[in-house]
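Sequences and hints are given; from them, build the entire structure.
Spelled out, the chains give:
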Amino acid sequence: MSTPRPQQTEASAPAPAPADGPTHDNPGGLAPVPVRPAGFGDALRSEWTKIRSVRSTLWTLGVMLIVVVGIGLLTAWGLNDSAWVGMPLLAPGLFGIMLGQVCVLTLGVLVISSEYGTGMIRATFTACPRRSRVLTAKAVVFFLLSFVATAVACTVTALVNWWVLGDQKVPPFLRGEAAGRFEDSVKDGRLIATTGEWLGATVGPALYVALLGLLALAVGALLRHSAGAVTTMLGVVLMPLLLALFMQSASLKPVQEKLIEYSALNALASFYRIPMSDGSGNGWDMLGILAAVTAVVLGGAYALIAKRDV
Amino acid sequence: MIELEELTKRFGDTLAVDRLTFVVRPGVVTGFLGPNGAGKSTTMRMMLGLDRPTSGDVRIDGRPYAELRDPLKSVGALLDARSWHGGRSAYNHLLCLAQSNGLPRQRVAEVLETVGLGAVAAKRAKGFSLGMGQRLGIASALLGDPRILLFDEPVNGLDPEGIHWIRHLMQKLAAEGRTVFVSSHLMSEMALTAEHLIVIGQGRLLADTSMAAFIAGNSRSFVQLRSPDHERLREVLRDAGVTAVVTADGSFRVDAGDPAKLGELAAEHRIVLHELTGRQASLEEAFMQLTAGSVEYHAHDAGAEPPPGPEVFAPDPATGRRPPAWGEDWRRRRGNDTEGV
Numbered sequence: 001m002s003t004p005r006p007q008q009t010e011a012s013a014p015a016p017a018p019a020d021g022p023t024h025d026n027p028g029g030l031a032p033v034p035v036r037p038a039g040f041g042d043a044l045r046s047e048w049t050k051i052r053s054v055r056s057t058l059w060t061l062g063v064m065l066i067v068v069v070g071i072g073l074l075t076a077w078g079l080n081d082s083a084w085v086g087m088p089l090l091a092p093g094l095f096g097i098m099l100g101q102v103c104v105l106t107l108g109v110l111v112i113s114s115e116y117g118t119g120m121i122r123a124t125f126t127a128c129p130r131r132s133r134v135l136t137a138k139a140v141v142f143f144l145l146s147f148v149a150t151a152v153a154c155t156v157t158a159l160v161n162w163w164v165l166g167d168q169k170v171p172p173f174l175r176g177e178a179a180g181r182f183e184d185s186v187k188d189g190r191l192i193a194t195t196g197e198w199l200g201a202t203v204g205p206a207l208y209v210a211l212l213g214l215l216a217l218a219v220g221a222l223l224r225h226s227a228g229a230v231t232t233m234l235g236v237v238l239m240p241l242l243l244a245l246f247m248q249s250a251s252l253k254p255v256q257e258k259l260i261e262y263s264a265l266n267a268l269a270s271f272y273r274i275p276m277s278d279g280s281g282n283g284w285d286m287l288g289i290l291a292a293v294t295a296v297v298l299g300g301a302y303a304l305i306a307k308r309d310v
Numbered sequence: 001m002i003e004l005e006e007l008t009k010r011f012g013d014t015l016a017v018d019r020l021t022f023v024v025r026p027g028v029v030t031g032f033l034g035p036n037g038a039g040k041s042t043t044m045r046m047m048l049g050l051d052r053p054t055s056g057d058v059r060i061d062g063r064p065y066a067e068l069r070d071p072l073k074s075v076g077a078l079l080d081a082r083s084w085h086g087g088r089s090a091y092n093h094l095l096c097l098a099q100s101n102g103l104p105r106q107r108v109a110e111v112l113e114t115v116g117l118g119a120v121a122a123k124r125a126k127g128f129s130l131g132m133g134q135r136l137g138i139a140s141a142l143l144g145d146p147r148i149l150l151f152d153e154p155v156n157g158l159d160p161e162g163i164h165w166i167r168h169l170m171q172k173l174a175a176e177g178r179t180v181f182v183s184s185h186l187m188s189e190m191a192l193t194a195e196h197l198i199v200i201g202q203g204r205l206l207a208d209t210s211m212a213a214f215i216a217g218n219s220r221s222f223v224q225l226r227s228p229d230h231e232r233l234r235e236v237l238r239d240a241g242v243t244a245v246v247t248a249d250g251s252f253r254v255d256a257g258d259p260a261k262l263g264e265l266a267a268e269h270r271i272v273l274h275e276l277t278g279r280q281a282s283l284e285e286a287f288m289q290l291t292a293g294s295v296e297y298h299a300h301d302a303g304a305e306p307p308p309g310p311e312v313f314a315p316d317p318a319t320g321r322r323p324p325a326w327g328e329d330w331r332r333r334r335g336n337d338t339e340g341v
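Line by line, the protein sequences are chains D and B.
With UniProt numbering, letter number 207 in the first sequence gets 207, and the count goes up by one each step, no holes.
With UniProt numbering, letter number 141 in the second sequence gets 141, and the count goes up by one each step, no holes.
Note that these hints are calculated values from the structure, not bench results.
Okay, the calculated beta carbon distance ranges per label pair:
hint: 1; chain 1: B; residue 1: 63; chain 2: D; residue 2: 303; range: 20 to 28 Å
hint: 2; chain 1: B; residue 1: 63; chain 2: D; residue 2: 56; range: 31 to 39 Å
hint: 3; chain 1: D; residue 1: 86; chain 2: B; residue 2: 122; range: 52 to 60 Å
hint: 4; chain 1: D; residue 1: 308; chain 2: B; residue 2: 282; range: 39 to 47 Å
hint: 5; chain 1: D; residue 1: 228; chain 2: B; residue 2: 61; range: 34 to 42 Å
hint: 6; chain 1: B; residue 1: 118; chain 2: D; residue 2: 288; range: 49 to 57 Å
hint: 7; chain 1: B; residue 1: 64; chain 2: D; residue 2: 247; range: 51 to 59 Å
hint: 8; chain 1: D; residue 1: 166; chain 2: B; residue 2: 81; range: 56 to 64 Å
hint: 9; chain 1: B; residue 1: 64; chain 2: D; residue 2: 254; range: 48 to 56 Å
hint: 10; chain 1: D; residue 1: 228; chain 2: B; residue 2: 11; range: 19 to 27 Å
hint: 11; chain 1: B; residue 1: 61; chain 2: D; residue 2: 306; range: 18 to 26 Å
Output of the computed footprint for chain B on chain D, the stretches with three or more beta carbons under 8 Å from beta carbons of chain B:
hint: 12; stretch: 44-57
hint: 13; stretch: 121-129
All figures in this text were calculated on a predicted structure; none of them were measured in a lab.
Quick reminder that beta carbons are idealized off the backbone N, C-alpha and C, glycines included.
In structure tokens, the structure reads:
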């Protein structure tokens with residue numbers, strides 16, 4: 001009861017307080033804050049600060065780089081000195097990215113679900129009540145970062161394969177017509193990589209994995225729960241192939257084929273020109289399908305994020 | 001200025017906020033008081049656009065929160081629950097919030113110094129104590145130098161020095177002409193800070209009044225008497241038909257008594273008094289009195305048994321029953337709904 005009340009004489013003056021005494025007695029005594037409406041660029045800057053200032057980003061992308069490049073080095077080392085195993089030059093890169101993509105999925109989920117898990121989302125939406133802007137900024141920042149990281153990992157792996165395996169001799173009976181769909185990949189009896197193969201071993205999988213990560217981000221926004229969303233995404237990536245494995249009866253053959261053809265892992269394999277089913281293209285068609293699926297799920301996330309209480 | 005109009009929030013079958021209508025004005029600290037579960041936090045979340053009202057609306061300086069062009073410069077909020085990522089440093093937490101509103105980077109360092117977290121700015125917030133976390137929340141509220149400040153239970157977890165600091169901070173902010181809206185479940189805390197008071201219980205508005213008027217209207221006065229001639233005073237009081245209670249320290253307590261009349265009564269009978277004091281029941285009691293009917297979570301059935309009180313010696317001559325314990329009759333009145341608050 002002894003606390004003195006401040007006098008209300010200057011109630012209409014929100015002027016900066018005089019800078020006296022210890023700093024914590026001077027909350028309003030601040031340099032005037034420039035008033036400028038916040039825009040999308042501000043949201044992007046904010047999300048960039050967020051993604052680079054948590055350890056999970058470093059961990060997931062770091063592990064992804066190590067896994068992709070490490071497995072790339074090991075396979076190149078293993079395949080060196082052996083006869084051609086019938087794979088395109090850059091195809092060994094597939095094995096690393098198949099594992100490495102899990103890290104990108106995890107990061108995609110965490111970018112949004114960790115905000116719900118920690119309560120940060122309340123600060124975020126208070127600072128930026130336009131929730132769709134937040135989601136867009138997150139999606140852009142995450143997509144670009146994971147695309148760049150994945151592209152670097154894939155390109156390094158492709159270069160390693162090209163460097164180590166590039167002069168592998170192709171047996172004469174597999175040259176020319178006999179090489180079948182690898183016809184373009186053999187020149188003067190040696191294995192080469194076409195432009196399409198280079199793109200399919202670098203930009204293609206990087207786009208696909210980053211897009212898969214974006215789908216994971218949308219799922220994270222819908223489920224708002226890290227473990228649930230990561231599990232869902234692992235199911236989306238792995239289940240079609242696992243289910244197909246158990247569909248050995250003749251009557252299920254068409255279903256099995258479709259499951260394999262449209263599985264995410266087959267999409268990656270198609271980019272590296274070693275698809276798991278005969279009907280597969282070169283991966284870019286699968287990228288279009290994934291983009292459509294991601295757009296739909298992301299649309300759902302936009303609709304729900306605007307409505308839900310946080 | 002914050003204006004609420006028929007603001008209502010329903011969670012399933014529970015009516016968390018029930019047609020709240022009030023205005024929070026600039027220039028004073030407005031206390032927002034209610035027992036646990038009264039709907040304070042939900043109301044504040046609706047003010048910030050975090051929860052969508054079931055019906056009614058709330059406007060910040062005339063517009064809904066979502067339409068504010070510069071949210072952090074308009075409203076700064078300290079929420080009751082943790083609202084930061086523990087893996088991020090205090091500096092980066094504030095930086096990303098500042099950037100989202102286009103605030104200059106040096107503001108972050110300034111508010112960190114203001115709340116006294118300058119030394120741990122680079123530390124991850126995971127390791128922060130409750131009080132440090134509270135200071136981080138206050139720092140984010142101050143970030144945009146806002147015209148309106150919302151503090152949800154700001155003294156939670158603060159040490160006495162911190163409590164003292166936040167009280168002065170809020171009063172200072174209000175004196176600068178800002179709107180300061182502070183929730184609490186502690187009346188005693190509000191009495192030291194707030195000039196205006198809004199009390200809710202079970203989501204409904206119970207009072208919207210100045211602190212002075214609330215105290216005058218809701219607290220009960222009583223007179224404390226002490227005499228070396230204890231037994232004679234007891235008889236005199238009983239003969240005069242005055243209901244008195246012996247308190248733990250051996251003095252008499254007369255509810256709603258008039259000190260002058262009691263003094264004259266003692267003088268008439270030539271009883272020496274060592275103490276004759278007119279007193280007001282504590283604000284905490286006044287608050288409990290107001291909200292008793294609307295407490296969401298009772299530790300026990302509050303209406304059934306009077307609290308173990310002091311010895312009562314003057315039975316009501318008409319009924320032969322002991323006089324009601326403090327606040328008991330009030331609860332009964334509320335139960336019958338015969339008297340509004």
